[in-house]
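Chemist: Given next are the chains, with one letter for each unit.
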Amino acid sequence: MLRGMTRRVRRTAEADAPPPQPVLKTLRRLFRYLGPYKWRMAGTIGLYMLCVAIAQIYPFIDRLLIDQYIAAKRIDGEFYLVVLSAVILHVINYAAFGIRTLSIVRISQRVLFDLRRQLFHHIQRLSFNFFESWPVGKIMARFQSDVTTLNDFLTNQVASIFHDAVSAVVVIAFMLVIDAGLAVVALFTLPALVGAAMYLRPRMHAGWEAVREYATRFNIFLAENIAGMRVIQAFVRQQVNFQQFIDANHKVVERWMRVISLSAWLGPIVEMTRAFGLAAVLYVAAHQIGATSTLTVGTLVAFAAYINALWGPISTFTNSYIVLQATLASAEKVFELLDTQPAVTDAPDAIAMPRVKGEIVFDHVWFSYDGSRVALKDINLRIAPGQLAALVGQTGSGKTTIASLISRFYDVTQGRILIDGLDIRSVTQESLRRQQIAVVLQEPFIFTDTIANNIRYGRPAASMDEIIAAAKLANCHEFIDKLPEGYNTLAHERGAQFSVGQRQLISIARAILADTPILILDEATSAVDTETEQLIQQALERLMAGRTAIVIAHRLSTIRKADQIIVLREGQIVEIGNHQTLVSKADGYYARLVRAQVAGAHSGRT
Amino acid sequence: MKRLIGFLKPHRWLVIWLAFLTLGLAALLTIGPIVTGAIVDEVIAPQRFDLLLPYLALLLAVAALRALFQFFYSRDRERLGQHVVTDIRTALYRKLLALPYSFYDNEQTGRLMSRISSDVESTRIFLAFILIDSINHVTTVVVMLVALVRLNLLLAVVAIIPTIVSGVTLYLLYQRWHSINRRIHEQNAVVSGVLQDSLAGIKVVKSFAQEQQEEDKYLRSVQALQKLHIEANDGWYTRYPFIGAIPRLMQLALIVVGGIQVVDGVMSLGTLVASISFTGLMLAAVNALGTQLTSLGQTATAAVRIFEMLDEPVKIRTPDTPVRLGQIKGDIRFENVNFKYATAKANTLKNITLHVPAGTSLALVGATGAGKTTLAHLVGRFYDPTSGRVLIDGHDVRTVDLDELRRQIGIVAQDSLLFSATIAENIAFGRPNATRQDVERAAHLAQAHEFIAQLPEGYDTLIGERGVGLSGGQRQRIAIARAILLDPKILILDDSMSAVDAETERLLQAAISEVMRGRTTILIAHRLSTVEKADHIVVLQEGEIVEQGTSETLTRSGGYYRRVLELQRMTSSESMNAVLSQAPALVVPDV
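Protein sequences, first through last, are from chains R and A. Residue numbers 278 to 883, in the numbering used here, belong to the letters of the first sequence in order. Residue numbers 11 to 601, in the numbering used here, belong to the letters of the second sequence in order.
Rather than coming from a laboratory, the hints here were simulated on the basis of the structure. Think of the CB as a built atom: it goes at the ideal place given N, C-alpha and C, for glycine as much as any other residue. Check each hint, because a few of them may be wrong.
So, partial list: chain A residues that the calculated Cβ filter (under 7 Å) puts toward chain R [to be verified]:
(1) Leu69
(2) Leu75
(3) Arg76
(4) Tyr111
(5) Val267
(6) Gln271
(7) Val272
(8) Phe429
(9) Phe439
Given the sequences, and given the hints that come with them, work out the whole structure.
Modeler: See the structure below:
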């Protein structure tokens, strides 16, 4: 157990290998996802810029209307013409707005789909050693939060950064065109705003990270408490846990308020710098209007509008650095996953394996999980078609490893494995696993799907009659038939509504229907009641009939029946033979163990 | 809705303070345009520069005051939100602690979690943001309107009509948008369910080489989600621009109408300038108000789910005037007990009458689903019988103090659930202030000390979510230690040795028979070797007692017990590899 732990930890460390990517490279790779949509994206950004430009003309027009017409007391056809053109501009603006939003959503959804598809496709093809070091929750997070972050960046953020940058430039340009001197005056408080924002933003970001961390802990606490509520009540721990709950919640709230007392400054700073900008403009303008009269009231109105239009983008712009950081972090995580290569791949000239008779040969097989510790040493064995082979040995002796190697979940380090004389590395994994081998696991996995689909899992095309026939052989037809919706009953998450024994029977039916010449079976150790156990035994015997079966055996009754018992110890075969021959070797390892067990059973046990 | 707002009641002063701040913010917002207008009319037009500086000072003072208000507003609004969240969460958690087992039989952890996290979150956003912000926006609209009416009635009329139109339309639009949003939410759950399934079941997927099937399944669900997203956005953005365009059109109308009035000399230029600013601010507020109405529906469903749970009746609780049990002797009696689970069709226990004298042991035997665990649960009153009585030392368990009763019962459940904490804390779960010696003694008795001592940090090793993983047998032994440490008068061992290897089981059995001395014990097991030494053995079949007696008499009588005994002898369900391993047989590396 502990050995397994350290092994896993080490492997994880190695899996993290790819060195940190340079920022530009990561970004370039990220933008490649926009590649298929580049023209559409360019068009959308074009529309964005159009909208920005039009919006900034508004104050310009207003100034014109006020100065040239209203102040000059000229309400004539020309005045209405200007108003009409303003209306037309506005209609164009909103049409462009509508189109660009429809378009960006489509791009965004497609990119998201591409990212998810690529990730899913990739992960499904990774080998077992990957899944041993990556917990499901961690992979799920890549699919959900990281992919969403990337998608958001590529579409909304890119567009909004463009939007903010372009509007800032356009606004400043307009201000300069209208009155360069006044523009400089208006902008003088801007550095203060930018400086304050640059100071606050990273601190807020760090603060939110802390909040997230504590919120995660709180959620874990809560999930565990809900799952363990029976134990809490049975041990009358309600008060202690309530206190823990209060503490955990308090930690989140406290961190949260810490960030808020930072971020609450942002609004006031925007407000103050804008007011100072406006006041400065008014002050200077008033004097200039008085002195030279080149300035007009319309200019003033336009400037007031521009200052408002500028402050918004600038204060969000200061956030883009953080957005970029978060994006890069997510991108690196996703790319790390995409760059993980499956350890087991099909040879370029791999052929589809024809249906085999089921002869399995291990030819001087050596295997190591991590490249340093040897898990299997020079394994040689031959299992004839139709034979039952039992693997016996301590935890960690290599039983599961041998079984996994036959399905080629890992590649041997040295030597070769032949099925019907074909090296399993010379055939496609799909033809090997789907058509030749069925696996029944110790802990059966039931998918959240109908029972019928669970049984036909290995052969999706199987008919209902075939499913029922398989279920009958597996002794599970009876209980399935009794369910309100029979074979169409939807299994809950992991088949939670079924007992362990029932799940085992379903997974046996699944293997029966797959109808493969080779069967790999991990006998269950957990106790089910004696009657269900009889049903399982019977179903297994029907399943094994006529197939080559490799059983990681726990029950003496199974072991006795095996044609070959392969006794393993620390990755080596120490004895091989049938029960009779092995027991008769007086000082053999197996014989000693059987004697120990029989003695144990006689001293007051069944 | 009224009840929802009730959550604000304990914090009414904070709410009043926030309302005051919003009013102040709205009022101050009107001063800006007035001052700008005044500068145009009273300073620039008549060339009175001596008035400029006071006006500018006023402008800055207003801004400073607004900044101050804004700071308090954004900070205290969050504070209110956090208070409310804490209150609701606490109420929910308290409820969870009180709800009986029957509640958890029908609920999944995930669903309950989403109530406490996402439902509470949307309630927080509603109460602290939407509601308070709405007050803010309504105040702004009203104040702006008043200001506008005072400035110029005609302009006010020009402004108010589009304001109402756009507000109402937005609300209607959002109603539609909300129903799609709920579908998106549901489809999201489907997508992550599919993903979770194919990742958790990757071994089966790969064993049957069904990667393509999984990919198709996943992509189908993602595509459905994508379609919904596009539908939602199309529905919104093909309509929204029509409303979004209104403010600017209104502004232009104002310029025309106001312009004519200025030319006619009815209104000053400064007033026009101020009016334009007012309408801009007002429309922004109306739009924001419309937007916020969206989440109303969402909040309503979230709130309903929260209240549903808060209203869940706690059927099992200590009566108002409980019988004082004191130290119990441990005499257990079942009198004509019938029990039916709420969702089951048939009774799980049928007319059980049984007496377990203090200090003796009772073994329950029978197939899965025969009612063994249910029977044991009734002793600690985790469920109430449908009819009949359960008596401890002659007291009906429904008349006694629940905590007092349960503290004297040690339970080792089937699944031996442990918590993310150190091993010592897990063992001391029922007695958090137990000394280290007590903990170690319990661990010794439960045959757990040896492997605990081998862990890198011994008893301080963290286990669970963030710590070391333990094997099934190791977890069971910690669960046994946890029950032993309670020093209970009644000990319930529910199939608690199924995952330990034969050698450990032998040691454990010896230790447990030591522990059982002087306690009433209820044993549930499949292996008859575990139960044969019990003082009394009861065989349950479909909720009924079909045989009872000692191992000897039952073997002689040739019923179910005898049959199972023979079956077990024959197949010898003893595990060969368990004998081989000193460590428990954990064969598959857990993926």
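Chemist: So, for every hint listed, does it hold in this structure?
Modeler: Status of the hints after comparison with the structure:
With a cut of 7 Å, the hint placing A/Leu69 at the interface with chain R holds, because the nearest CB-to-CB distance is about 5 Å. Taking 7 Å as the C-beta contact cut-off toward chain R, the hint placing A/Leu75 at the interface is violated, the least distance being around 10 Å. With 7 Å as the threshold, the beta carbon of A/Arg76 comes within range of chain R, its nearest partner Cβ sitting at about 6 Å, so the hint holds. Among the interface hints, the one on A/Tyr111 holds; its C-beta lies about 6 Å from the nearest C-beta in chain R, closer than the 7 Å criterion.
Look at A/Val267: its Cβ only gets to about 11 Å from chain R, farther than 7 Å, so that hint breaks. A cut of 7 Å between beta carbons decides the hint on A/Gln271: the least distance to chain R is about 9 Å, and the hint is violated. For A/Val272, the shortest C-beta to C-beta distance to chain R is roughly 5 Å, which falls under 7 Å, so the interface hint holds. Among the interface hints, the one on A/Phe429 holds; its C-beta lies about 6 Å from the nearest C-beta in chain R, closer than the 7 Å criterion.
For A/Phe439, the interface hint holds, the least distance from its beta-carbon to any beta-carbon of chain R being 5 Å, beneath 7 Å.
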